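**Student:** Given next are the chains, with one letter for each unit.
Protein chains: 2
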Amino acid sequence: MADKVRVALDAMGGDNAPGEIVKGAVLAVNEREELSVFLVGKEELIRKELEGQTYPKDRITIVNATEDISCDEPPVYAVRKKRDSSIVVAMNLVHTGQADAFVSAGSTGAVLVGAVIYIKRIRGVERTPLAPLIPTEKGVSLLIDCGANVDAKPSQLLQFARMGSIYMENVVGIKNPTVGLVNVGVEEEKGNALVKDTYPLMKEMKDINFVGSVEAREIPHGAADVIVCDAFVGNVILKLYEGLASTLVSKIKEGMMSTTRGKIGGALAKPALKKTLKQFDASEHGGAPMLGLNGLVVKSHGNSNAKEIKNSLIQCITFVSQDIEGKIREKLGASAGEGDEN
Amino acid sequence: MADKVRVALDAMGGDNAPGEIVKGAVLAVNEREELSVFLVGKEELIRKELEGQTYPKDRITIVNATEDISCDEPPVYAVRKKRDSSIVVAMNLVHTGQADAFVSAGSTGAVLVGAVIYIKRIRGVERTPLAPLIPTEKGVSLLIDCGANVDAKPSQLLQFARMGSIYMENVVGIKNPTVGLVNVGVEEEKGNALVKDTYPLMKEMKDINFVGSVEAREIPHGAADVIVCDAFVGNVILKLYEGLASTLVSKIKEGMMSTTRGKIGGALAKPALKKTLKQFDASEHGGAPMLGLNGLVVKSHGNSNAKEIKNSLIQCITFVSQDIEGKIREKLGASAGEGDEN
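So the sequences go chain by chain: L and R. According to numbering that gives the first Met the number 0, the stretch in the first sequence is residues 0 to 341, in order. According to numbering that gives the first Met the number 0, the stretch in the second sequence is residues 0 to 341, in order.
Hints were generated in silico from the structure; no laboratory data involved. Keep in mind that the hints are not guaranteed to be accurate.
[Unchecked claim] Calculated lysine-lysine pairs in the DSBU-like style (CA-CA distance at most 35 angstroms, straight line): (1) L:LYS202 x R:LYS81; (2) R:LYS238 x L:LYS137; (3) R:LYS274 x L:LYS238; (4) R:LYS273 x R:LYS252; (5) L:LYS262 x L:LYS252; (6) L:LYS189 x R:LYS269; (7) L:LYS277 x R:LYS81; (8) L:LYS137 x R:LYS277; (9) L:LYS238 x R:LYS152; (10) L:LYS174 x L:LYS262; (11) L:LYS202 x R:LYS269; (12) L:LYS152 x R:LYS238; (13) L:LYS195 x R:LYS189; (14) L:LYS250 x R:LYS202; (15) R:LYS326 x L:LYS277; (16) L:LYS137 x R:LYS326; (17) L:LYS274 x R:LYS202; (18) R:LYS269 x L:LYS252; (19) L:LYS250 x R:LYS273.
[As the list claims (entries may be wrong)] Simulated restraints on C-beta separations: (20) L:VAL185 x R:ILE116: 42 to 48 angstroms; (21) R:GLU186 x L:LYS47: 21 to 27 angstroms; (22) L:TYR76 x R:LYS152: 29 to 35 angstroms; (23) L:MET204 x R:LYS205: 14 to 20 angstroms; (24) R:LYS202 x L:LYS277: 37 to 43 angstroms; (25) R:GLN278 x L:GLU187: 33 to 39 angstroms; (26) L:LYS262 x R:ASN29: 54 to 60 angstroms; (27) R:ALA333 x L:ILE116: 45 to 51 angstroms; (28) L:HIS220 x R:LYS205: 40 to 46 angstroms; (29) R:SER154 x L:VAL185: 46 to 52 angstroms; (30) R:ILE263 x L:MET204: 34 to 40 angstroms; (31) R:LYS202 x L:ALA333: 29 to 35 angstroms; (32) L:LYS269 x R:ILE116: 35 to 41 angstroms.
[To be verified] A few chain R residues that don't get close to chain L, going by computed Cβ distances all over 10 angstroms: (33) ASP14; (34) ARG46; (35) LYS47; (36) GLU66; (37) ASP83; (38) ILE116; (39) VAL139; (40) ASP150.
These numbers come from a predicted model, not from an experiment. The C-beta atom is built at its ideal place from N, Cα and C for all residues, glycine as well.
Just chain L, with the same shape it has in the complex (with noise of 0.2 angstroms):
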């Protein structure tokens, strides 16, 4: 069926897999159905973990791969030399156009790496961003680059903007939305090298809604939908993100013991404390797309369960439906035989 949405599902990655993973695909099939799902991995125990369930059988097919790639192995000689691994199949999968999307809870760097060599990126895109959703007071905004493009350069970030920017409008929904360059400070003159670059070349992008620097502290309040940052960069404010949000809650759990009184309180406002540090915990808001590829691919976290799989799986039907790998290739794309693929 041409409508269709064909994912390439890694069912051996993450933490909890393959259960988790192969519970991830039922659901997501149960509840969407122009999804369907290539489960990648030893078939054995994939066919074992579907026993049971209750499923459409035309939309989940076993897709054999015996080997395994970890998350400590180095990820360019993983995705080179296992070709039979979940993740290299699965991509292959994409690549001669048998799947649409590929979803993995697997190792980051393998992702990261494979995509570029088995997926390839379109004509005219330089780097393929990694961007997760991270919540703000006002939602969620994109915190574009979090993969692996640690030493950017101004071009590259320019197309993170418009890549985003892409994504924040036809996937999560907001109209024109706002882009911001990450900064020590407001002022157009403040920055490092990379960042005054880049600073007046973004102010000149007709087609992006660039509102200037943003500085870290803006960020949780909802700065801008777009942030824009090399991979370094975006990597400790993603992370910081992570360790500061559990440090505050095992801190004001600590606090509320300490008093009879708090004690309490505490357990009073347990559950609404509970459900507001839900709502700011970033692995809530889905896993993080890969941009500029020759296909989708959605990083899932790596302790994903079967809910977070089911998710991913689901943000690719609006991925696909809304064209965006179309949509950055119209912008961002250069004509056949120009721009490199490597």
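Take the given structure of chain L and dock chain R to it, following the hints.
**Tutor:** Below, chain R without anything else, positioned relative to chain L:
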């Protein structure tokens, strides 16, 4: 008296100047008799603030300075041009040996730039980092650098590691403090160009207790006593700390107020909650020292009140009595004639 610690205090700097600044000086000299303070700024304003206050008259001296430097002015231009500003006059007191230290809650940019111009670097010190203490689960860590060195070199990060270790050991009192390098992963081959070049050199340093790369996620958990990074990354970390803490607090309040049960619980838990969050407020942990200068500079928060100014002044006593400047000179200083001063 030789055993006195003499601090030049910018009476005009910060949101609450001169009132809270002058009060802070009064509190400090009343608390510590080895301290004397030069209140630098508009004489008539300072005199008015001192009226009715009780303090040992011989330990507070007003030094007139007629010009103002605001936070909006380009720092380099301001400190070069406004020679009669409180910042420049106070720094000259340190440069000429009349004061041991300079404390300001004024323009960070002007303080950073002015210190290098007027107080000057110790010969052999390449760059002078600003190093605030940030709260962690275990206590505090020194985040070095959060100053002006947004495009740092490996040799500079190595010096930051040394200076930070000296500070944590002698001022904060942590024996053999651990040093971590901010990175996107813990493996030696991870990182951007700067971190990759720095890591092997830092690993070879015999006079610091290097524990390897530290991911931003681990910083709030207290991963290392000294957290080394370039000032761009340091600023992102420091400001995200501030932004996330305040956002989480407002989210938690909102969450509690959404149910009756939460409201009651919140009211009961409020004191414990407040104490915890205060403990995790980066601004509660004193001023940030600027290290590697011929004299001490402490940057207090822009919104410092009298108590915070008092704490910054008292911090100078430990710095001077522990001879941090001499220890840095001994470890990093070049012999006379070597090194650069500007």
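**Student:** Taking each numbered hint in turn, which are not upheld by the structure, reported in ascending numerical order?
**Tutor:** As far as the earlier hints go, 6, 7, 10, 11, 15, 16, 17, 20, 21, 23, 26, 29, 30, 31, 32, 40 are violated by this structure, in ascending order.
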